[in-house]
Amino acid sequence: MPVRIQESDFDLTAELATLRGGDPRVGAVAAFVGTVRDVAGAAPLSTLTLEHYPGMTEKSLAAIVDTAKSRWDIFDALVIHRVGALRPTDQIVLVGVTGAHRGEAFAACEFIMDYLKTRAPFWKKETNALGSHWVEARDSDDEAAARWQPAGRRES
Amino acid sequence: MRDNPVDALTLVYLARLSDAFGASTESVRPPVAVTTVAALRDWLAARGGAWAAELAPPRAVRFAVNHELAQADTVVRPGDEVALFPPVTGG
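Respectively, the protein sequence lines represent chains P and R. Going by the numbering used here, the first sequence opens with residue 1, and the numbers climb by one from there. Going by the numbering used here, the second sequence opens with residue 1001, and the numbers climb by one from there.
Note that these hints are calculated values from the structure, not bench results. A couple of the hints might just be wrong.
With a cut-off of at most 16 Å between alpha-carbon atoms, the simulated EDC-like pairs for lysine to aspartate or glutamate come out as follows [claimed, not checked]:
1) P:Lys59 x R:Asp1073
2) P:Lys125 x R:Asp1019
3) P:Lys59 x R:Asp1019
4) P:Lys125 x P:Glu110
Okay, the calculated bits of chain R under chain P, using three or more residues with CB under 8 Å as the criterion [as the list claims (entries may be wrong)]:
5) 1010-1023
6) 1058-1071
7) 1074-1088
Just so you know, these numbers come straight off a predicted model, no measurement behind them. Backbone N, C-alpha and C fix where the C-beta goes; we use that ideal spot for every residue, glycine too.
If we strip away everything but chain R, and leave its shape as in the complex, we get (with noise of 0.2 Å):
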């Protein structure tokens, strides 16, 4: 994951995330006016299928930017490790 190109995002997916999309991680080049995690969602969601049926509102998915908890409005730039997971359930 940390080898990914400057101007790529690399996209981790967790726990039932990973199984619905078919994959862990993902290096992607969204448009420019990809700049927020609210963003990033849409963009992913309009790929449709799987993407549409676990990112679309009101389907509760949380993102970590670079290991940080993030909200709608926290901003990605490239290079940055964006995940992607459901609400937690450890302890």
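If we strip away everything but chain P, and leave its shape as in the complex, we get (with noise of 0.2 Å):
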């Protein structure tokens, strides 16, 4: 299954061991590793809570995944997304990639992390001291997914 949702933690090194899977062929491994940071705002950061769309996600992430398998030449890609309730420094999301050469691999994984940021139905809740917010969503992501699409194919 190249798609989790999960509320417990994933261990780098063992996640990118089944990816790879003795596969002589691979040549590259590119991951990305998204971590739970606190920004500083007014109260120290106590909980990020992820809340996701059953049913929804999954799809989309694993339709992300097949666009990227067709559009680059690798050989596998994973995909790890936590929910729940997490704390500063907590690991939340890993992409993982294998092909034969670096170049594939590493555009790939970047391919697959900005499409999940601007497509895939997750969304961020920040709690701390002094109540709840949900985090909005920022231009900067829609333009590094735009960047992936074709001139004059820009969607909305």
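These two chains come separately, so use the hints to put the complex back together.
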């Protein structure tokens, strides 16, 4: 299963070993890990809660992985995204890609993350001593995802 | 959410919208003229209050029809599951 949604933490080394699967064709493994950061608001962040839309989440991530596999010459890809209550420094997301060469693996990994940030139905809620609020989406994420679209095919 | 009558739409509210509307799901029967995401948005915004505040333009709202991201002109039909949510913030 190339896509997993889970509350529990993940082991980067073990996940990448499984992804490589002892395949001697693999010459490049690219991985991205997103972590919970405290951006020093009015009070220290105590909890980052990740909500998602069960049913659509798995489907949208699988579609993103399929698109990456069709656009780049890679062997395999993995996405793990955590949900529930997380704390600063916790791991949130892992994207791993295997390929023959680094260029394709790097590009596919970055593409998957950029599309995940703008298309996969996850939402972050920050809680500190003063209360809770939903994190607002950033325009820079839309711009990062738009880079991967051919000219003239920009989506709204 | 799956036992919805076939002639109704299932609406799913997520993240901030679930808080604002005080519900995570609702079954509705909009007028027959409501055949697109844009028309559904207008119809719901006309409820006023939190609905108008969250759904009236230029507020950014995303829609998914049967678990696929939708555009303003995406068709909605009785029996569909339509989700409303703010721009996503995962990763």
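These are the hints, each one checked on the structure:
no., hint, result
1, P:Lys59 x R:Asp1073, "22 Å, violated"
2, P:Lys125 x R:Asp1019, "12 Å, holds"
3, P:Lys59 x R:Asp1019, "25 Å, violated"
4, P:Lys125 x P:Glu110, "24 Å, violated"
5, 1010-1023, "holds (count 5)"
6, 1058-1071, "holds (count 6)"
7, 1074-1088, "holds (count 5)"
The earlier numbered hints that this structure contradicts are 1, 3, 4.
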